[in-house]
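Trainee: Spelled out from the first residue to the last, the chains are:
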Amino acid sequence: MTTTSFAWQRVAQHRLFWPLVALVALLVANTINRPSFLAVTVRDGHLSGSLVNLLKNGAPLLLVALGMTLVIATRGIDLSVGAVVAISGAVALSFIASSPNPDSLSTVLVAVGIALALSFVLGVWNGFLVSVLGIQPIIATLVLMTAGRGVAMLITSGQITTVNSAPFKTIGSGFWAGLPVAVVLAAIVFVAVALLTRRTALGMLIESVGINPEASRLAGVRSRSIIWTVYAVSALFAGLAGLMISSGTMAADANNAGLFIELDAILAVVIGGTSLAGGKFSLSGTLVGVLVIQTLTLTVTMLGISPSVTPLFKAIVVILVCLAQSPKVRDVVAARRRRAARTPAEAAEVAA
Amino acid sequence: MTTAVPDGRPVVEMTGISIEFPGVKALDGVDLSLRPGEVHALMGENGAGKSTLIKALTGVYSIDSGRIVVDGTEHTFSGPGEAQAAGVSTVYQEVNLCENLSVAENIMLGHEVRRFGAIDWRATRRRAGEMLSRLNLDIDPASSLAAHSLAIQQLVAISRALVVDVKVLILDEPTSSLDADEVAQLFAVVRRLRDEGVAVLFVSHFLEQVYEISDRMTVLRNGKLVGEYVTAELPRLELVSKMIGTSLEVLSELEEAPKRSIADSEGTAPFVQAVGLGRKGSIQPFDLDIYAGEVVGLAGLLGSGRTELARLLAGADHADEGQTLVAGAPTRLRNPRAAMRQRIAFSSEHRKAEGIVGDLTIRENIVLGLQADRGWARRLPASRWTSSSTSTSRRSPSGRRTRTRSSRTCRAATSRRCCSRDGSRRRPSSSSSTSRRAASTSAPRPRSRSSSPSSRPRACPCCSSRPSSRRCCGSATASPSCATG
Chain A
1 MTTTSFAWQR VAQHRLFWPL VALVALLVAN TINRPSFLAV TVRDGHLSGS
51 LVNLLKNGAP LLLVALGMTL VIATRGIDLS VGAVVAISGA VALSFIASSP
101 NPDSLSTVLV AVGIALALSF VLGVWNGFLV SVLGIQPIIA TLVLMTAGRG
151 VAMLITSGQI TTVNSAPFKT IGSGFWAGLP VAVVLAAIVF VAVALLTRRT
201 ALGMLIESVG INPEASRLAG VRSRSIIWTV YAVSALFAGL AGLMISSGTM
251 AADANNAGLF IELDAILAVV IGGTSLAGGK FSLSGTLVGV LVIQTLTLTV
301 TMLGISPSVT PLFKAIVVIL VCLAQSPKVR DVVAARRRRA ARTPAEAAEV
351 AA
Chain B
1 MTTAVPDGRP VVEMTGISIE FPGVKALDGV DLSLRPGEVH ALMGENGAGK
51 STLIKALTGV YSIDSGRIVV DGTEHTFSGP GEAQAAGVST VYQEVNLCEN
101 LSVAENIMLG HEVRRFGAID WRATRRRAGE MLSRLNLDID PASSLAAHSL
151 AIQQLVAISR ALVVDVKVLI LDEPTSSLDA DEVAQLFAVV RRLRDEGVAV
201 LFVSHFLEQV YEISDRMTVL RNGKLVGEYV TAELPRLELV SKMIGTSLEV
251 LSELEEAPKR SIADSEGTAP FVQAVGLGRK GSIQPFDLDI YAGEVVGLAG
301 LLGSGRTELA RLLAGADHAD EGQTLVAGAP TRLRNPRAAM RQRIAFSSEH
351 RKAEGIVGDL TIRENIVLGL QADRGWARRL PASRWTSSST STSRRSPSGR
401 RTRTRSSRTC RAATSRRCCS RDGSRRRPSS SSSTSRRAAS TSAPRPRSRS
451 SSPSSRPRAC PCCSSRPSSR RCCGSATASP SCATG
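First to last, the protein sequences are chains A and B. Heads up: the first sequence at position 316 corresponds to 316 in the working numbering, and the numbers run straight through without jumps. Heads up: the second sequence at position 296 corresponds to 296 in the working numbering, and the numbers run straight through without jumps.
Incorrect hints may have been included.
For the chain B half of the interface with chain A, some residues (derived, Cβ under 8 Å), not all of them [unchecked claim]:
1. Phe21
2. Ser348
3. Glu354
4. Ile356
5. Gly358
6. Asp359
7. Glu364
8. Ile366
9. Leu368
10. Gly369
11. Gln371
12. Ala372
13. Asp373
14. Ala377
15. Pro381
Keep in mind that the hints were calculated from the coordinates and are not lab data. Ideal placement from N, C-alpha and C gives every residue a C-beta, glycine not left out.
Isolated chain B (complex conformation) (with noise of 0.2 Å):
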């Protein structure tokens, strides 16, 4: 930024502020100053704090000591209201408003302009305007807020914060679901805000955005404050180094780390290959290979689009574009029972919503997903009836039966848990599915095409106690042979 760094008092100061969860230090000791007319960046790691200081500042959370000012006067909030009257603003994430209601309805909501005891519409939309023309939106109040883009939304979401005299805006993750364009223009109403003389704290993951538009940042890591720099004065690298606490030296090794895939070595087709895949408003088309017998695991912070390319590969979401090829042969994932078909699973990041069901047992929650493929009439055995307890498997009488059933629950808790790992490698010709069943549930050990430690076949987490990697796709625990930003 070219603009001078604001000197003068500052219109927030959060001295020592500590929040404690129970068994976790949210915050310890963070020190936090905004000053008028400065965009300032809060930045850390998933889980470094920002949240939680955000929180503390809008009297969401209380705090368990530190001293907040704001203004010149120390405040304790006990709730976003109070924190609001003191003039401090928040545009939340998700953009926290009524798609139904009108525009001028959703600023307004709960400042209406009141005359007698009744709503004056006219005047509330006319000041909605007002609101509106002061970030140089031109639209419509009375139009419904769903007829806009989101983009759009996030900036009526800012008129609405401005509602109220405010000192000081907090954007947490604005730009998350925008693209270029629109980014700009919210660019453009912060920086005009700025020059209002208004104290921004912007929360970013996306550096470009944070270097492009703020002066100052502030970086938290595992909720302690790491330092307080001048943006223009520090450079990426050491901003990443400042956040996730490895030294410099350390990450330009990581840089000239030699690049492995395995599929460098020859003879070998991908198991799953995207090619294009993308949708609208989720990601952009992508190109993946997945080889059998290897873990891939997919780097980004929150919002780069690790969960939609991972759910458009397990037919969770449909792909509006590009095509989706299994084993060579190009295959529409058209539902996640689709897609499982392919032997291709997913187990969600959100597992309380997505990925256990609460009421059944664990033993019915292990084998939902094969039960579902075999169908309603083929119950799996070892019912209620028959064992008391939901047993494992070994604790059966017979042996035999044993191993059958442990072999599929096995298949079922391998579905689930791990996004591109099938045992057999298919050709593109088989695709009667008596074979593809036959080859699955005997499990030959895939070839190890690679040296690579971590691309050699695992044994399987349920049947085996050896410790595997809980999630395969959504986390950067695996090798880089793919890393999407």
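Just chain A, with the same shape it has in the complex (with noise of 0.2 Å):
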């Protein structure tokens, strides 16, 4: 019997635990309010039902937040990530609606291109600002976040573009081997940042900027440069959810495209349990939040509430893991538990 209380302690210890409990806990009031919820049936060729619903629209979240996690292990923050994603939206769209032959995969593959071309060059100046001018993440971010806007305003000429290019519109809700594409390439992207920082010794090196900036550059690291990165790689996937999300509705809405993105980013990364102080992050963490809150969302508006509420759900779910996760919370909780079995035991040790 110990073992097994020994073994359950160690699994209710774990980082992920209340985030995963949260998740599973969305999952089975989604159920229960509709038993269909959970079903997954083949249409088409390809997959579809409530879930596949829940990752395609979680992909560009996911996207964001994985740039976010790396950008909060150096200790900084990316404000700007919204903007990026409503201006390499702006970009693919008006390129494509000013070509000659909109539905040509080469117009697409160009329209992409500049579009993260553009994105990679954003985060390098955000990058420049934070890693060479010592300016404050939170402060250099926001720079790009208001102007960010304006600019997809100005490359869009103020209105919201549509085009019809089904090439383009693969990327939002196309579906490759039955998947949706963009799960598929959100996968992709994980994987990918997964074994790069974690095969490599960049993650260490992440790590260590972000833990202790001055012993990091005593030792010898880069720090310059491994700062300057993270914001180039957080700028581009922005821009590759920007391409996402302007694919799904086909219109590039300059003003609410990626709006919010940014918290829910840094909200996905909390719950996943990186600090925001910077320091050992955890990628799987970010995936169990984007799911956490793209289920909430989903959750909000399957109930029936108003879309607008869904911030206040959200806060309360941040608190509860923020508190589940909480050391100080931790101890007064085991500190009671310990009280508890102690009383007993006393109690027994008195009556023999």
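Build the complex: two chains, separate frames, hints provided.
Mentor: This is the structure in structure tokens:
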């Protein structure tokens, strides 16, 4: 019995225990509300169902959150990702709209290339401000956060550009081997980032810069290029997310595309157990965080509550998860449990 | 000092002060008495209990036993505020002021003149001006503190301490970052205060300054009182022997000890050479030669420039004059990385702040420097997937890998720990990095050029269990071939 309780304790102490509990609870609530929630059917040769939609809608957020995880691990923060999402979508769609042949694959490839390259450049700009000029990350990226939507408005000349382009639509709504292309893309990026950070030394170096910049510098770590890179990568992923989002609606909405996605991404990172103080990061934690947020949004909609109330529920989940993860709260709970456990034992002793 | 030692009732009498921290008795029955109108020096080595005694007097620490009598009444201070109210003010070593506020705001912080609940800025500024003129300081109270030199800032800190009706002024290492002129300026102020009848408790490591300014001194050693002396009656050497607890004979023998140096033997060139290397506000230009196979000790008290010297050599700080030669070739050590490329590594005295990366594993901490050198793409083997624990490399199954790895780890560990020991003797011409790499990996035994045991090459502290000094640079454990004061 002790062994099982020990094993149980170890599971319960795991970093991702409470986020996973939240995720499962949300899924259960949805299933109770609508028993067909978990059903995944094959329609027209590809998977469909609420869960598939959940993953598809969560793909852009996962991309943004992955970049955000790396940035936060270096003690930084990237507020500009939402603006980059808008710019990337605006650039790609404007290019396609102005091209003579919107349906050709080469046009779409060029559009995607331009959008991603521009996003990368924006990230390099952020990284320059933070790593070279030493501006505080929250301020440095705030610049682009505010200016970025204006840039996107300039690109679309203030209108919501709508286009029809089958190849571009594939990114957000297409299927590949029965799976949504967006999900496949996000999965590839996730695996690539995981391999790149954990199979090479990059993850460790990022963490060391985030935990103790001065000690890392004295040990010869190139902290400047590492910090520069994470901002560039974060913006690149945001650009890809922007392509997915604009491809899903086939409209470049400079005002609303990716609105508040930076906050959702930060939330996902925090739920996943990566500390905003930098240092150790968890990509799988971020994945769970994204799923929790996405499921929560879906749940609120499915329960017939107005979507404008969603932030309230997000806040509640965040508070609960943060409380569960807080070492202080854990100590208090553990102390209580010890006291409770001791009292019967002492009572037995006295009786004997 | 020519001034007669003032008699009269002490303004502060501390008797039998004991303070215990978990595991250490920081102070053990120490007495201290300060008389009005005297400058009293508190002497002792690092860790003798000077700071603890000051903190007991200023109410930062509560005492376990003993009595503190200030101005005739016994006090049990439970905070610096209470001590200040009783007339005991402190100026700490690091200037504890707000650089971005004005001089007046700094002086009057917490004592602003109020009228109808609001701050009367004009009166506040006027009062700050009075404080400054009391110290003969002619600066604009409305100017920003950051615009002034460190010495002026120190004097502003003193004027801040004078805002309350001060009877006892404690100066904790006030001169450590000042140059000679600035010290003279500070001492003029100290004398003026002394003549006004303030008791000044002066803590400094600079014996010259102590002898220049103080009337009496109290010497502590290992938390115990050694004695109270009149400065003019205590020769310097005797004071040093009282501070470090070594008899005079031993000290004078040290004076006569033969000076040995590896440099005396013929045909050797220094591995690292600092020529007029200096950094403004941190360390004055110095020359230093370090030979391969040599352990150089830098002796000196806190604030004497040991750390600053080491940081310049390790590329942790930029030198703004002079140059460094590595193996005879002028080398710019722009950052620690550049220094490490020259196989000069630095282990900071502030382990927690600058040495370790707390949340990483022990293994990751050990290999960090080497990994940074290799670049991120070439990850060091023995990952956390192949071995579940951060086991030592000796537990690896294959013998060959073990050897490679341990030698690499050893290189990283060596370069983090020792400042000057490079296994290889490099000729100035061997600039190719491959040859350097190869040389240091195979670690040939450097020729021993001296009979002194301390200069013989030691085994790497990482791969062998042979004990070795944990700090080669920073402490005075090694041969006295170089001693900077």
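Trainee: Take the hints in turn and mark each one as holding or not.
Mentor: Each hint tested on the structure:
no.: 1; hint: Phe21; verdict: violated, 24 Å
no.: 2; hint: Ser348; verdict: holds, 6 Å
no.: 3; hint: Glu354; verdict: holds, 5 Å
no.: 4; hint: Ile356; verdict: holds, 6 Å
no.: 5; hint: Gly358; verdict: holds, 6 Å
no.: 6; hint: Asp359; verdict: holds, 5 Å
no.: 7; hint: Glu364; verdict: holds, 6 Å
no.: 8; hint: Ile366; verdict: violated, 10 Å
no.: 9; hint: Leu368; verdict: holds, 5 Å
no.: 10; hint: Gly369; verdict: holds, 4 Å
no.: 11; hint: Gln371; verdict: holds, 5 Å
no.: 12; hint: Ala372; verdict: holds, 4 Å
no.: 13; hint: Asp373; verdict: holds, 6 Å
no.: 14; hint: Ala377; verdict: holds, 5 Å
no.: 15; hint: Pro381; verdict: violated, 11 Å
Of the numbered hints given earlier, the model fails hints 1, 8, 15; all others are met.
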